[in-house]
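Fit chains B and C with the ligands to the supplied structure of chain A, relying on the hints for placement.
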Amino acid sequence: MAEVAGFVLNVLTFYGIYLILALSFNIEYGFAGLPNFGKVLFYSIGAYLAGSMSAWIAVTVAGFAEGEPGKPVYCAGPAYTAMTEVAKTSVLVDIGVFMLSLVVALIVGAVVGVISSYPTLRLRGDFLAISLLALGEIVRIAAYTEYWPVCGYDGLSGIPTPFAWMGDAGKYAYTALVWVIAGGVYFTVQRMTNSPWGRALKSVRDDELAAEVYGKNIARVKAQAMAVGSALAALAGVLYAFHVGGVFAADFIPLPTFLVIAMVMLGGPANNKGVVLGTGVIVLIDQLLNASVLNALGIPLPQGFLNAVTYLKYVLMGVIIILILMFRPQGLIPEKPLDTPIVRRASELVSTHMPTQQTQAAKENTSDRQDKRS
Amino acid sequence: MRGRISRSSSWESSTLAREVSTVELPWYIAGIIRAILDGILMGSLFALMAVGLTIVYRVTQVANFAHAEYVTYGAYAAYVFAVTLEFGMIGGAVAALVIPGILAVVNDELVFKPLWRRGSTPLHFLVASIGSGLILRYSLLAFAASVATEFLKIRLPVFPKAIYQIGGIVPVTYVHLLAPAVGVAATVLLHLLFTRTKLGKAMRATASNPTLARITGINIFLIRRVTWFIGGALAGIAGYIYAYYTPANPETGWFFLLWIFAAAIMGGFTFYGTIISGILLGIIGNVTMFIANQTVGLSTSYQPAIALVVLVAVLLWRPEGVIRLQSLSLRTRA
Amino acid sequence: MPVLEARDIVGGYRDSVVIHGVTITLGDGEIVALVGPNGSGKSTLIKTIYGVARLFSGKVIFLGRDVTALPPEQKTREGMSFVPQTDNIFPDLTVMENLEMGAYLLDDPGKFKERLELVFSIFPDLERFRDRLAGSLSGGQRQMLAMARALMSEPKLMFLDEPTAGLAPKIAMELLRVLLKIRDEAKIPMLLVEQHAKRALEMSDRAYVLAGGRVVAEGKGRDILEREDLQELFLGVKHAGA
Ligand SMILES: Nc1ncnc2c1ncn2[C@@H]1O[C@H](COP(=O)(O)OP(=O)(O)OP(=O)(O)O)[C@@H](O)[C@H]1O
Ligand SMILES: [Mg+2]
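Residue numbers (the numbering used here), protein chains in the order written: chain A, 1 to 374; chain B, 1001 to 1334; chain C, 2001 to 2242.
Everything labelled a hint here was simulated from the structure, so no lab data went into it.
Hints are not guaranteed to be accurate.
[Stated by the list, open to error] Derived DSS-like pairs: lysine-lysine, alpha-carbon spacing no greater than 30 Å straight-line:
id : chain 1 : residue 1 : chain 2 : residue 2
1  : C       : K2059     : B       : K1113
2  : B       : K1113     : A       : K336
3  : B       : K1198     : C       : K2111
4  : C       : K2220     : B       : K1198
5  : A       : K202      : B       : K1113
6  : C       : K2220     : C       : K2170
7  : C       : K2111     : C       : K2156
8  : B       : K1198     : C       : K2170
The structure displayed is predicted, hence computed values, not measured ones.
Only chain A is shown next, with the shape it has when bound in the complex (with noise of 0.2 Å):
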């Protein structure tokens, strides 16, 4: 039963960590039409930022200082427990340190956003999502070959969760933590992509001339579309950091960005609700087809299957990636046409009136013909 517990408490967790992650890509690619499959570059910086703060506010509160020489003093060895003890005494330093990196994250998330927009007043389309993921796997080979910020190829574990000093209920104060903010996160992108702003990322990603035309500026609504998504992405890498008591650069590959496309794509481009429902399918196939989880959960299967489980998940998702282009592109819940009276009237004119107008216009010309032949 414990391990159940353990297995949904886990789930949870990640939907809330990656509906974060998947409504700030929905907002860049759904609503703004920018690919940026960079997406696990902001959530790492999250990540790092609270990763090396949280360690290096524990390891100075624990009066820790027998660093080894050209590491950050937490990569130490033994900083791991003098940075547990931290944790499971100070009540303040557990939550200082979580309240801290949120703030921090969000600041430094939507700077480096703005600096990343540059790429897509550059690029579009197919080569704008290679450089993005190009800069992403920059980072993660600088992160992971330098001991600086997150002890390089070591990782980086031990640092202060906000629940730690609660003992084994703090997982599910973090679960229930993470889903406030997930939920806080889920109404404000709600409110923001019905909103005139996000009617204006539509317009930029659907006719940048036309959006230009109205008198919008395409580069300043980019900028703004990559500094709320890279926020929430390193929001999110905040989140996962302190879920997992630790940071590793090697997580950072190009696949959970992967798994992002994938939600967003099988959820709903441009529909929050779907990418609700798309995060939930592709983050419950994630963690259930996983070995532990697997013998944990005491469903019997062989030996085989269960070496192979982790790499047949992601041949499942990369079929279910193709599927939903092929079958589905729009996704499961796909996105409302925008509805405002305006809106109407002009499909209106478009749809029916113009083109009947000519033909009638047409029509009277020929009849008015023959009745003067006859």
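Frame of chain A, contents of chains B and C with the ligands only:
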């Protein structure tokens, strides 16, 4: 094993070179010569891989993330045919051409052609190719992890012997000659295909203006198949040569992916531009890494970042490519 | 028996219908003009008949055979030929290679030589530029190349979508004279869309007037030219005085 260079250890062995070289060449000269030799080898392979990506992109608008998997499958096809089925190294080479070629055609028929018919955008092609890549890479891994664990890491049975030692310390192996030779042969053959044959010209015509190609009577579906086959086959043979050089695993191709894209993008998705960029990237990658490693102690794990930096810089600075040879075909980016 | 009979064509793009049931026929050696205001669906009609745009319903009979369902490449094999309004050359191929592609379906090298000589005799400029990239040609030269390319396949019927667009009046007249010459020599029927409606109506044997995706008038070019009610529909908008 003597004279065999594994990529991961090539820098460490330069320390070895330092000791021996007191007798022969200065160690840094030896190191640079070695970096250039390895650079030509890897560069030839990048060129072989990237030129397929380029022609496929030109003809079908697919920026194919699954292209790297054809490299892996080439290495594995060669292994199965040369080792498991005992067809020898020539049999392995044929398999490394044909199997990835067919795989690429099937990939197009099942995924990209249907998407193209329903009017998908190039970005959707890219996403679908990521999906295809996941399927190809991870099904091989799943197979290796569950059924055939010897597949987790493969080696071809014949090791490339050192045929000459430059200055007595820098080994030149068969592979150092084989890779550029195959690269040159492929370039000449493709050049002849594109300039002398009706089929090759029809491929260029389709890349240049697909609708008009249909109107002129070109069977663009046949052209698609030929294009994908050539792309897959070139990637496959590069995978084979790589596996001949150093052990391969199911993720080998994936690690080349961004090098391949960097070469194609630097070459502006032109035929010769891509080939030259591939070779240059191989040399630049190895030589800069060697120099940066020896002078400022930059870790060798930054080597892939060189490709990435080139890729991003070219895309932002000159998205149309840096080395664009306009003399032949495949010229403008759509 | 007409060479081409397109009956009740309903066509357009994806999910938008542009042509609402059009019937046209082309007889032996006829030059038929297709005129109408911008956006009336002239290009779309040809594209639909050729299989490039979407055919919703209707029938295309070519030389007595039902070719409705054939894709464009097959229609070319049957003997049709088409000069599109835009993107009508291969810019990345040389002039010579463009012409070779035009003759893609001719297997006989002798035939190819013959056609090439014919085309060069009509457009001597092209011979001078045979090794230039088509993308580097001037607008007028491109139009000539497009026409030449379409002639290479030994067509039995030609669709020409504004072949004189963007050409200087003198060159445009030249090109139209060439068309008449081709018709007289090879007896190839042509469906000609022309910017200069007046000119097209004058030189054609018959004409269709298209508006809003429907045929609003058809008959002898001269008759249509004289119809007052149609003047403003197309002539007023365009180069009435040209
Ligand atoms: N590729 C396309 N997709 C969707 N609609 C199109 C496309 N091409 C043209 N249309 C629409 O079809 C209608 C007819 O266009 P078409 O190009 O056939 O007109 P036309 O008579 O050839 O005009 P012109 O004299 O300007 O060449 C127009 O309303 C146009 O917007
Ligand atoms: Mg037109």
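Item to check | Earlier hints that do not hold, by number | outcome: 4 and 8
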